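Chemist: What follows is each chain in one-letter form.
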Amino acid sequence: MPTKKDEVYGDHISHKFNNELMELKTEFLKMGGMVESQVENAIQALVDGDGHLADEIRANDKKVDRMEVEIDEEATLIIARRQPTARDLRLVISVIKMVADLERVGDEAKKIAKLAIKLQEEGQALRGYVEVRHIGTHVLSMLHDALDAFARLDSEQALRIMKEDKRVDEEYQAAARTLLTFMMEDTRNISRCMSVMWVLRALERVGDHACNIAENVIFMVKGEDVRHTPVEEAEKVVGR
Amino acid sequence: MNSVNTTITSEVTQPDEVAVPVQESKPAETIIEEGKTVGKPYSDDPKFKLRDVEVFYGDAPAIKKISLDIGRNEVIAFIGPSGCGKSTFLRCLNRMNDSIHICRVKGSLQLDDHDIYDPKRDVVELRARVGMVFQKPNPFPKSIYDNVAYGPRIHGLANRKSDLDEIVENSLRKAGLWEEVKDRLDANATGMSGGQQQRLCIARAIAVSPEVVLMDEPCSALDPIATAKVEELIAELSESYTIVIVTHSMQQAARVSHRTAYFHLGHLVEVNETNKVFTSPEHELTESYITGRFG
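Protein sequence lines correspond, in order, to chains A and B.
The opening residue of the first sequence carries number 1 in our numbering; numbering runs sequentially from there.
The opening residue of the second sequence carries number 1 in our numbering; numbering runs sequentially from there.
Please keep in mind that the hints were generated in silico from the structure rather than gathered at the bench.
Worth double-checking, as some hints may not be accurate.
[To be verified] Pairs of lysine to any residue residues, derived as SDA-like cross-links and limited to a Cα-Cα distance of at most 20 Å, are as follows:
#, chain 1, residue 1, chain 2, residue 2
1, A, Lys236, B, Lys276
2, A, Lys16, B, Glu287
3, A, Lys222, B, Lys64
4, A, Lys222, B, Asn275
5, B, Lys161, B, Lys136
6, A, Lys222, B, Glu282
7, A, Lys222, B, Ser280
8, B, Lys64, B, Ile100
9, B, Lys40, A, Glu224
10, B, Lys276, A, Arg240
Here the structure is a predicted model, which means the values were calculated and not measured.
Can you build the whole structure from these sequences, using the hints too?
Modeler: As structure tokens, then:
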């Protein structure tokens with residue numbers, strides 16, 4: 001039975017068009033789920049020093065890349081066949097942009113997996129993992145909420161994610177300072193701490209991509225582009 | 001070591017699991033307010049100033065209290081489902097509805113601040129200023145030359161043959177037809193292709209130097225190439241004319257017009273810049289129509 005949300009994209013005269021848009025949404029969410037677990041596993045592989053899991057992540061990234069191409073193709077065909085307008089157009093355009101973000105999140109997960117292997121091989125004492133777990137949890141919940149906001153067409157939730165991004169940046173800065181202290185304490189820590197720094201950087205980027213997805217959700221729902229605008233502006237748009 | 005799994009939620013919400021905070025759609029009639037149009041129905045430099053326009057066929061209202069400005073040198077597109085009144089409204093602009101006996105027009109309709117429906121107004125002069133192109137190309141069964149020369153002749157716009165030749169050539173050039181027909185101006189117009197005939201009708205309309213050209217679905221009988229040529233022509237003509245186009249092709253409205261007006265059951269629901277109408281319309285009904293949710 002169609003839900004209320006389906007009606008937003010689902011009540012065209014052409015049933016086939018309904019199905020195409022539904023399919024696009026579903027595929028996007030599927031890719032989102034895949035990317036989400038890639039990041040989650042990457043953090044796990046790092047903190048557990050699990051090389052097998054890290055290898056798996058690197059292999060899975062190819063699937064993520066393939067999904068990006070497939071979804072783009074689907075979106076292109078909808079534009080060519082249906083010439084969508086208004087909210088349908090905004091959905092298709094946003095999906096095209098957001099899959100690029102998801103693919104980049106996938107790349108960040110792969111990057112973390114590579115660093116996990118490197119750190120495992122170096123086999124040194126664990127430094128900075130508390131920060132990795134903390135920021136990791138934070139950005140993963142942002143990513144999850146962004147996908148959820150997309151599924152629910154919830155611009156208020158999307159706005160909350162935009163606000164979260166600033167906090168992630170602050171956490172990243174603080175973690176970087178901590179790692180810097182470790183490096184200053186003992187220069188032998190430098191190589192390892194730099195690797196952890198790259199992991200943190202990758203996680204911070206995941207937060208940025210979640211934020212981009214949230215901005216696209218606001219565009220889909222409200223029809224206004226809130227990229228590169230202060231959060232207060234976005235607040236006004238969402239409040240309308 | 002603590003597992004990250006304890007704090008990370010991993011399930012992505014699947015589309016059919018969630019209830020969505022969207023408003024239930026209301027029946028069309030309940031969301032139209034009579035005489036209220038959302039968006040930007042007015043213009044800083046109006047060619048037409050139309051206020052509280054109502055049209056009746058006998059007792060049946062076809063247009064319900066519509067107020068709208070049409071700007072100078074503006075291309076405005078009227079869209080809406082069949083029977084929504086867009087053609088009826090268009091035909092008020094040069095009093096084409098006069099020929100329908102049961103048709104009554106109320107309200108204020110002004111062209112350059114002069115009442116269009118002033119009983120003393122010369123309707124022939126009005127229609128020379130406000131030309132019209134119809135859905136089906138309707139050339140006279142005469143030569144190409146005579147089709148274009150017909151208007152200037154009866155309006156006495158040319159005293160000499162050379163003046164008339166010039167008007168014919170200029171009009172055909174503006175209509176993008178000159179190169180195709182310059183060697184066969186004496187040929188009968190009915191032998192031309194549909195697209196050529198329609199462009200000939202446009203040439204005929206602009207030969208009397210109108211200020212406004214009304215187009216009632218000018219491309220619905222044309223193939224895509226002829227349509228593209230007519231659309232190209234509309235863009236060029238908009239530099240010197242005000243153009244009002246009724247179209248069933250939303251893509252065409254999106255391509256050629258500056259503003260788009262959406263009509264529904266005799267109401268003017270929304271008027272906005274075309275870019276806005278096709279990306280984020282203000283009114284629910286406009287959105288439903290342009291996204292193909294009802295027709």
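Chemist: All the hints need checking, so say for each whether the structure fits it.
Modeler: Status of the hints after comparison with the structure:
1. A/Lys236 with B/Lys276: Within the cut-off at roughly 19 Å; holds.
2. A/Lys16 with B/Glu287: Answer holds: A/Lys16 to B/Glu287 is near 19 Å, not above 20 Å.
3. A/Lys222 with B/Lys64: Violated, because 30 Å separates the two Cα atoms, which is more than 20 Å.
4. A/Lys222 with B/Asn275: Given that 20 Å is the threshold and the Cα spacing comes to 15 Å, the pair holds.
5. B/Lys161 with B/Lys136: Violated. B/Lys161 to B/Lys136 sits at ~30 Å, over the 20 Å cutoff.
6. A/Lys222 with B/Glu282: holds, 10 Å
7. A/Lys222 with B/Ser280: Roughly 8 Å separates the two Cα atoms, so the pair holds.
8. B/Lys64 with B/Ile100: Within the cut-off at roughly 18 Å; holds.
9. B/Lys40 with A/Glu224: holds, 18 Å
10. B/Lys276 with A/Arg240: With Cα atoms ~17 Å apart, B/Lys276 and A/Arg240 stay inside 20 Å; holds.
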